[in-house]
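Peer 1: Chain by chain, the residues run as shown.
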Amino acid sequence: MTINYFEHDLTSLHEQLVNKEVSAIDLTRATLDNISKTDDQLKAFISTNADDALAQAQKIDEKADFSNVVTGIPLALKDNMATKGIQTTGASHILEGFKPIYNATVVEKLQNAGAISVGKANMDEFAMGGSTETSYYKQTTNAWDHSKVPGGSSGGSAAAVAGGQVPFALGSDTGGSIRQPAAFNGIVGLKPTYGRVSRWGLFAMASSLDQIGPFTRTVKDNAVVLNAISGFDQKDSTSSQREVPDFTAKLSGDVKGLKIAVPKEYFGDGIDAKVAARVKAAIAQLEALGATVDEVSLPHTKYGVAAYYIIMSSEASSNLQRYDGVRYGFRANDVKNLEDLYVKTRSEGFGDEVKRRIMLGTFSLSAGAYDAFFKKAAKIRTLLIEDFNKVFENYDLIVGPTAPTPAYGLGEEIDDPTAMYLADVLTIPVNLAGLPGLSVNAGFVDGLPVGLQIIGKPFDEQTVYQAGYAYEQASRLFEQRPTIAKEY
Amino acid sequence: MGTGNFETTIGLEVHVEMQTNSKLLSPSPVHYGDEPNTNTNVIDFGYPGVLPVANKGALEYGMRVALALNAKVSPFIRWDRKNYFYPDNPKAYQTTQSQTPIGTNGYLDVTLTDGTVKRIRIKEMHVEEDAGKNTHGSDGYSYVDLNRQGTPLIEIVSEPDIASPDEAYAYLEQLRQVILFTGVSEAKMQEGQMRADVNVSLRPFGSDQYGTKVEMKNINSFNYVRNALIFEEKRQAEVLRSGGIIQQETRRYDEPTKSTILMRVKEGADDYRYFPEPDLAPVVINQEWVAEVAENLPKSADSRRKHYVDELGIEPYDAEVLTQTLAMSDFYDATVAAGADPKRTANYLIGDVNAYMNKNQVELQETRLTPEHLAGMIKLIEDGTISTKQAKQVFEAIMIGEEPETFAKKNGLVQLSDPDLLLGWITEVLDNNPQSIEDFKGGKDRATGYLIGQLMKMSKGQANPGVLNKLLLSELKKR
Numbered sequence: 001m002t003i004n005y006f007e008h009d010l011t012s013l014h015e016q017l018v019n020k021e022v023s024a025i026d027l028t029r030a031t032l033d034n035i036s037k038t039d040d041q042l043k044a045f046i047s048t049n050a051d052d053a054l055a056q057a058q059k060i061d062e063k064a065d066f067s068n069v070v071t072g073i074p075l076a077l078k079d080n081m082a083t084k085g086i087q088t089t090g091a092s093h094i095l096e097g098f099k100p101i102y103n104a105t106v107v108e109k110l111q112n113a114g115a116i117s118v119g120k121a122n123m124d125e126f127a128m129g130g131s132t133e134t135s136y137y138k139q140t141t142n143a144w145d146h147s148k149v150p151g152g153s154s155g156g157s158a159a160a161v162a163g164g165q166v167p168f169a170l171g172s173d174t175g176g177s178i179r180q181p182a183a184f185n186g187i188v189g190l191k192p193t194y195g196r197v198s199r200w201g202l203f204a205m206a207s208s209l210d211q212i213g214p215f216t217r218t219v220k221d222n223a224v225v226l227n228a229i230s231g232f233d234q235k236d237s238t239s240s241q242r243e244v245p246d247f248t249a250k251l252s253g254d255v256k257g258l259k260i261a262v263p264k265e266y267f268g269d270g271i272d273a274k275v276a277a278r279v280k281a282a283i284a285q286l287e288a289l290g291a292t293v294d295e296v297s298l299p300h301t302k303y304g305v306a307a308y309y310i311i312m313s314s315e316a317s318s319n320l321q322r323y324d325g326v327r328y329g330f331r332a333n334d335v336k337n338l339e340d341l342y343v344k345t346r347s348e349g350f351g352d353e354v355k356r357r358i359m360l361g362t363f364s365l366s367a368g369a370y371d372a373f374f375k376k377a378a379k380i381r382t383l384l385i386e387d388f389n390k391v392f393e394n395y396d397l398i399v400g401p402t403a404p405t406p407a408y409g410l411g412e413e414i415d416d417p418t419a420m421y422l423a424d425v426l427t428i429p430v431n432l433a434g435l436p437g438l439s440v441n442a443g444f445v446d447g448l449p450v451g452l453q454i455i456g457k458p459f460d461e462q463t464v465y466q467a468g469y470a471y472e473q474a475s476r477l478f479e480q481r482p483t484i485a486k487e488y
Numbered sequence: 001m002g003t004g005n006f007e008t009t010i011g012l013e014v015h016v017e018m019q020t021n022s023k024l025l026s027p028s029p030v031h032y033g034d035e036p037n038t039n040t041n042v043i044d045f046g047y048p049g050v051l052p053v054a055n056k057g058a059l060e061y062g063m064r065v066a067l068a069l070n071a072k073v074s075p076f077i078r079w080d081r082k083n084y085f086y087p088d089n090p091k092a093y094q095t096t097q098s099q100t101p102i103g104t105n106g107y108l109d110v111t112l113t114d115g116t117v118k119r120i121r122i123k124e125m126h127v128e129e130d131a132g133k134n135t136h137g138s139d140g141y142s143y144v145d146l147n148r149q150g151t152p153l154i155e156i157v158s159e160p161d162i163a164s165p166d167e168a169y170a171y172l173e174q175l176r177q178v179i180l181f182t183g184v185s186e187a188k189m190q191e192g193q194m195r196a197d198v199n200v201s202l203r204p205f206g207s208d209q210y211g212t213k214v215e216m217k218n219i220n221s222f223n224y225v226r227n228a229l230i231f232e233e234k235r236q237a238e239v240l241r242s243g244g245i246i247q248q249e250t251r252r253y254d255e256p257t258k259s260t261i262l263m264r265v266k267e268g269a270d271d272y273r274y275f276p277e278p279d280l281a282p283v284v285i286n287q288e289w290v291a292e293v294a295e296n297l298p299k300s301a302d303s304r305r306k307h308y309v310d311e312l313g314i315e316p317y318d319a320e321v322l323t324q325t326l327a328m329s330d331f332y333d334a335t336v337a338a339g340a341d342p343k344r345t346a347n348y349l350i351g352d353v354n355a356y357m358n359k360n361q362v363e364l365q366e367t368r369l370t371p372e373h374l375a376g377m378i379k380l381i382e383d384g385t386i387s388t389k390q391a392k393q394v395f396e397a398i399m400i401g402e403e404p405e406t407f408a409k410k411n412g413l414v415q416l417s418d419p420d421l422l423l424g425w426i427t428e429v430l431d432n433n434p435q436s437i438e439d440f441k442g443g444k445d446r447a448t449g450y451l452i453g454q455l456m457k458m459s460k461g462q463a464n465p466g467v468l469n470k471l472l473l474s475e476l477k478k479r
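Protein sequences, first through last, are from chains A and B. Under this note's numbering, think of the first position of the first sequence as 1, with each following residue one higher. Under this note's numbering, think of the first position of the second sequence as 1, with each following residue one higher.
Okay, chain A solo, but in the shape it has when bound (with noise of 0.2 Å):
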C-alpha cells in the first residue's frame, strides 16, 4: 500500500484506523517505503528502526485500541532526544552507537499512545546551528529544492514531513530550530512555550531555552501532537504544573476581534524584501479576516542575537562536558593519561561548531567576563521579556516573518558563523522571553516557501493556533507540495 501524506491529515487517517481501512503496519510499511523512495534525495534520517517500529505497529493492531488520535501513527523522532535501546547520536560523532538505556518523556508519552517511530532524524551536531549542515553524519536538502538547506537544526525533521516521508515529526528549538526549518521547508511548526513540554531525554544545548515541539503540514495536526506530549513531568522541575487545555479547542477559522501587533524591528535592516513583502501579505489577509493590526515596538530587539548566543554557549559549554569518554560514547585511542583523554576525545568528537560554542561559553563565564558577558546579557533577556509584556497588555499575538530569507544554497553560509548567528534574529527573542512561537507557510518567494511568525503569551498556544489555522484555511496554502513529495 502507498500513501501519499499529502492527501490526509492525521484526522483522516485516524479515522481510517477505526474504520480499519488501513491498519498500523499499512502506515508502518508505507512510511519507511517513503522514506527508502524519496531519502537518497532528502537524507532526512540518521537511522531508521524498521523492525522495532513494525512489531510495535502490530502490537497495535493486534490491541485494537484506537481511541487516542496518534495510535498508530507513524513519526520522526530528531536524533537529540533519548529512545530506550535505538542509538541516539546528537548528530554528534563523541554518541555515535550510543543506545540509552531510557525514553524521553515525549517518545514514553507517545509510545504509550501508541504512536511509531520509524526513524531518527538529522540536525545540526546537538542542534547547533541553523542548516543541519554541522550533522556529522549527512547533509539534509531542502524539500523544495534539493540544492539548498532545509534549514536547522531540526532540518531532518522538517524536510521528512515536507517532504510527505511521515505524517508528523518531532524537533526542538533552542533559538528558532523548529521554526525556521519549518519556514524554509513550507510546513508547520511550533515552539511550545517554555515549560510545556518535557525536556527529559532531550539531549540538552542550553536548558533554559530548549523547547520540543511538533512539525506538521497543517495546523491542526500540530495541535493535535502538541496535545499528545504537553504536560508537567517530574522528572523536569522546570516543566509545567499548569493545565493542558486541548489545543484544538479553537480552531474555528475566526480571528474577528483578535488584536495582533506587528513589531516594526522585524521588518528592519537585514530582511529580504520579498520576504518581508510576502509576509505584510499575510498579515493584510489576516486584517482581511477580521482581526485588528497594528505596528508596534519591541525597541530591544536588535540585542537578542548577542545575549542568546551568550547565555546558549554558556550553557551549552556546561551541558557538554558530560561528554567526556569516560561513561560512554566515544573514546579517543591511545591516551597518555586523564587530560589526553579529556583533550583527545572531546577534539575529535566534536565539530568545528560545537567547539566555537563551548570556547564562546566558556569564556562568557570566566571569572574575568562573567559580569560583562553572561550577566550582561542575563539583563539584556530581562529587557526582551518586558518588552514583550508591555506588548501583550494590548495584544493577543505578535506576528512576522519567521527568517529573514527563504532557505539558502547548501555550504554558501556554513563558513560565516555570524551570518549564520544573524539570521537567527526573528526567532530567538521568542525563546529568551520563554514565549510560544508558530511558523506556517506565508508562499513563496523564487519557489522557495517563506514563513509567518505568530507569537503568543505565555502558554496562550491556543490563540496561537487559532491564528494560524484561519490563515492557513483561508490561504489554502498547505496544499502546494514540493515535487519529491508527488512521488509516492
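Think of the hints as simulated: they come from the structure by calculation, not from any bench. Just so it is clear, the structure is predicted and the values come from calculations on it, not from any experiment. Even for Gly, the Cβ is constructed at its ideal location relative to N, Cα and C.
Pairs of lysine to any residue, SDA-like flavour, derived with a Cα cap of 25 Å:
{"#": "1", "chain 1": "B", "residue 1": "82", "chain 2": "A", "residue 2": "359"}
{"#": "2", "chain 1": "B", "residue 1": "56", "chain 2": "A", "residue 2": "241"}
{"#": "3", "chain 1": "B", "residue 1": "133", "chain 2": "A", "residue 2": "101"}
{"#": "4", "chain 1": "B", "residue 1": "133", "chain 2": "A", "residue 2": "332"}
{"#": "5", "chain 1": "A", "residue 1": "99", "chain 2": "B", "residue 2": "86"}
{"#": "6", "chain 1": "A", "residue 1": "344", "chain 2": "B", "residue 2": "144"}
{"#": "7", "chain 1": "B", "residue 1": "82", "chain 2": "A", "residue 2": "378"}
{"#": "8", "chain 1": "B", "residue 1": "82", "chain 2": "A", "residue 2": "238"}
{"#": "9", "chain 1": "B", "residue 1": "82", "chain 2": "A", "residue 2": "339"}
{"#": "10", "chain 1": "A", "residue 1": "344", "chain 2": "B", "residue 2": "141"}
{"#": "11", "chain 1": "A", "residue 1": "379", "chain 2": "B", "residue 2": "78"}
{"#": "12", "chain 1": "A", "residue 1": "344", "chain 2": "B", "residue 2": "145"}
{"#": "13", "chain 1": "B", "residue 1": "217", "chain 2": "A", "residue 2": "367"}
{"#": "14", "chain 1": "A", "residue 1": "457", "chain 2": "A", "residue 2": "292"}
{"#": "15", "chain 1": "A", "residue 1": "375", "chain 2": "B", "residue 2": "78"}
{"#": "16", "chain 1": "A", "residue 1": "379", "chain 2": "B", "residue 2": "272"}
{"#": "17", "chain 1": "B", "residue 1": "213", "chain 2": "A", "residue 2": "367"}
{"#": "18", "chain 1": "B", "residue 1": "133", "chain 2": "A", "residue 2": "327"}
{"#": "19", "chain 1": "A", "residue 1": "355", "chain 2": "B", "residue 2": "274"}
{"#": "20", "chain 1": "A", "residue 1": "84", "chain 2": "B", "residue 2": "38"}
{"#": "21", "chain 1": "B", "residue 1": "82", "chain 2": "A", "residue 2": "367"}
{"#": "22", "chain 1": "A", "residue 1": "336", "chain 2": "B", "residue 2": "265"}
{"#": "23", "chain 1": "B", "residue 1": "82", "chain 2": "A", "residue 2": "237"}
{"#": "24", "chain 1": "A", "residue 1": "336", "chain 2": "B", "residue 2": "137"}
{"#": "25", "chain 1": "A", "residue 1": "336", "chain 2": "B", "residue 2": "141"}
{"#": "26", "chain 1": "A", "residue 1": "355", "chain 2": "B", "residue 2": "84"}
{"#": "27", "chain 1": "B", "residue 1": "266", "chain 2": "A", "residue 2": "362"}
If the Cβ cut is set under 10 Å, some of the chain B residues that face chain A in the computed set are:
{"#": "28", "residue": "42"}
{"#": "29", "residue": "47"}
{"#": "30", "residue": "48"}
{"#": "31", "residue": "49"}
{"#": "32", "residue": "52"}
{"#": "33", "residue": "53"}
{"#": "34", "residue": "54"}
{"#": "35", "residue": "84"}
{"#": "36", "residue": "85"}
{"#": "37", "residue": "86"}
{"#": "38", "residue": "87"}
{"#": "39", "residue": "91"}
{"#": "40", "residue": "93"}
Place chain B on chain A using the hints.
Peer 2: Relative to chain A, chain B alone:
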C-alpha cells in the same frame, strides 16, 4: 599562639554528609559501604538528557544546620553549577549554592580547654552534592564508584576566627556535636561523613593584614587537623623568621611523619565558572517553612545537659555522657517520659546499657531495647516488684526485646509485697514458733532473723524483705 612573634589565623570549611533517604538530585538511595555503582541511576551517571530534581528533605536538613548554628536562613535559594572535569564528577559540574547560601552569618560558641568560651563566626553554609570516588588499582586502572555521587552535603564555612590548633580541634568537636543533635548526620569520621578543608596563615602580631594562606583539603580526623596545624604553624614561622615568603599552595597532611607535604602551588584562583543552574527552579523559603523546620529541630546537647543537671538532678559528668549521641539522649528522654526515675535511668544507660553496647559492638538503635521496656523494668524495681538482684536477669531479657513485667512473671522473678499474703504466712510461722516469740520479747534480736528465714523459705525467696520485716515486727509486738 605559641609561635613567637606571629599570630595564627585559621579558617575551616567543613563538609558533612546528610543522611537523607535519597540523593540531592536523584532518587538513588544514600547508603555507605555497598557494592560500587549499585546506588546509582542515569542521573548520577550524567547521561545525556537527564535532569535533576532537588530533594526537598535535603534543603530542610540544610535549614536545620543553619538554625542550629544561629544563622539566617536565606529566603530564596538558587542553585549554581561549579564546573570542573574529573571522573568522579560525571556531569563535570557540581550542583551547589554560590550566590544564595542556605544560611549566612551564624556562629558557634566554643568552650576552650581553659574553660573560656570563644565565639567562632560562621560565614555561610551551602547545600551541595558530594562527588563519587576514584580509586587507583594496583592493576594500573583507575576505578570510578558513583555510589557517593550526589549525596547531599552541608558545607560550613567559618570566618578566620580560629587562632590555634587546639581551638580548631575544639571547634570541630563541638561543631560535630551540634550537627549530631540536628539529626541530619551521624558524622562518622571513619566513613568520611565529616571532612575538613583547612586554611592557615601567620602574620606578625598587630598586623592588620592576613598572611598568605596555605590550604589542606579533605582531612577526616580532628587529630590530623590539629597535628597538621601544629606542623604548619612551626613551618610557616620558620620560613617567615628566616626572611622567606609563604606561597599560596595546597598541602597534604601525612600522618606517619605528622607533617604536611606540598601538593601544588596555586597560580591565581581556580576558575570554576559558576553560573545559575538552569535545570532547577529556584526555591522560595518563607517564614512558615523556617518555623516548621525550627519546630522539628531536636533540642541541642547544651540545653539537654542543662535540663538534666538543673531539673533532673543528674551529675554534670553523667549528663555529658548521656549527650554524647543524639540517639542516647533521645533514648534517655523517652525513658524518663515513660515514667522512669531519672537518676536510675541515667545509671542504667551509662552503666549496664553502655557496657552491653561495648561488649556486643552495637549501637543503641541496633539493640532491641526500647525506652518503654527500660522504664518498665525501672518501675518494677522502684515499686519493689523485683529486687535489684532479680533486675539483672530482667535486664538481660529486655536487651533482647522481652517485655519486663511479662518476663519477670514468667520466670518467677517477682517480689511478693501483698500484706494480706505476707500476713497469712507470718501468722502461720508465729503460731508454729512460740519459742521465737518468747525470745523476741526477751530481747533477742536474732529471733527475728530466724523467723524471716522461715518466711523466705515459705515464699520461695520471693517475699519483699522490706515489707516482710515491717509486718513481722508489728505482728510480734501484738503477741
